[in-house]
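Student: Could you put together the complete structure from these sequences and hints?
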Amino acid sequence: MQLINKRTRIMLKAYFPLLLSHHPDCDSFSEDVFTVRGVKFCVGCSVAYPIAIFIFILWLAGAFSPNNWPYYLLFGVLSGSVELLSLKGFTTIRNRKAVVKFFLGIGWGLTTIGVFSLPVDILLRIVIFFDLFMANAALTMKRSGNIDKICENCPWFKHRGIDCPGFAKYNLRMQKIIEKESEKEPDIVKEMMMLNKIQLNKKALRKDYYRRSRRN
17 MQLINKRTRI MLKAYFPLLL SHHPDCDSFS EDVFTVRGVK FCVGCSVAYP
67 IAIFIFILWL AGAFSPNNWP YYLLFGVLSG SVELLSLKGF TTIRNRKAVV
117 KFFLGIGWGL TTIGVFSLPV DILLRIVIFF DLFMANAALT MKRSGNIDKI
167 CENCPWFKHR GIDCPGFAKY NLRMQKIIEK ESEKEPDIVK EMMMLNKIQL
217 NKKALRKDYY RRSRRN
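Just so you know, we're using the working numbering here: the sequence shown kicks off at 17 and counts up by one.
Don't read these hints as lab results, they were simulated from the structure. Hints are supplied without guarantee of correctness; some may be wrong.
Unchecked claim - Calculated pairs, SDA-like style, for lysine to any residue (alpha carbon to alpha carbon, straight line, at most 25 Å):
#, residue 1, residue 2
1, K104, K192
2, K165, C61
3, K192, D41
4, K192, P181
Tutor: Written out as structure tokens, the structure is:
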């Protein structure tokens, strides 16, 4: 457990900026982020997640009656459906994206409390929630494909996440932190670097497969 905690601490410290904004730091993604005092925040994540979490906390506090679950599901699905506009290129402007993600956050929150307010066994509620989660994940993967389309015209596309200039400052930060931590925890850092290399290779293979499948 102590080993896992140390590894988690190092990873959070090294990758913290990417948790706030996972987009490359370049003009092509300038509309995808807010900048507050030099710190970049992903528009979608910083708007949708806090709203969804806030609604769920209110539900836990008893602010929503379980008897109204049909309305939560109805308005949750309708509100979350606004995210489909992202697939049509509507969210290429920051303000539009923020509005769409606002409704997405409401949709996530209401749908979640609607599912967990259903008058059925808790295991069935979990299964339904998981199914909806996977459906949302499919839309997220589609959105990820749209991001790759933006990068495909860039000469650094094949280096994305490694030597891409848009990730240069993130990589520099990670390198400095890993070098510093390697003096304290050499075995853990070595293991992390090996795992990271494996993950990067898997990611490159997935992207290559994705590009080939689209061409065919």
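Student: Between K192 and D41, is the straight-line Cα distance small enough, at 25 Å or below?
Tutor: With a Cα-Cα distance of about 19 Å, the restraint between K192 and D41 holds, given a limit of 25 Å.
Student: For K165 and C61, compute the direct alpha-carbon distance and say whether it is at most 25 Å.
Tutor: Holds, at about 20 Å.
Student: When you check the alpha-carbon spacing of K192 and P181, does it fall within 25 Å?
Tutor: 17 Å, holds
Student: Take the C-alpha atoms of K104 and K192, compute the straight-line distance between them, and say whether it is at most 25 Å.
Tutor: The given pair, whose Cα atoms are some 40 Å apart, is violated under the 25 Å limit.
Violated hints amount to a single one, hint 1; each of the other numbered hints is respected by the structure.
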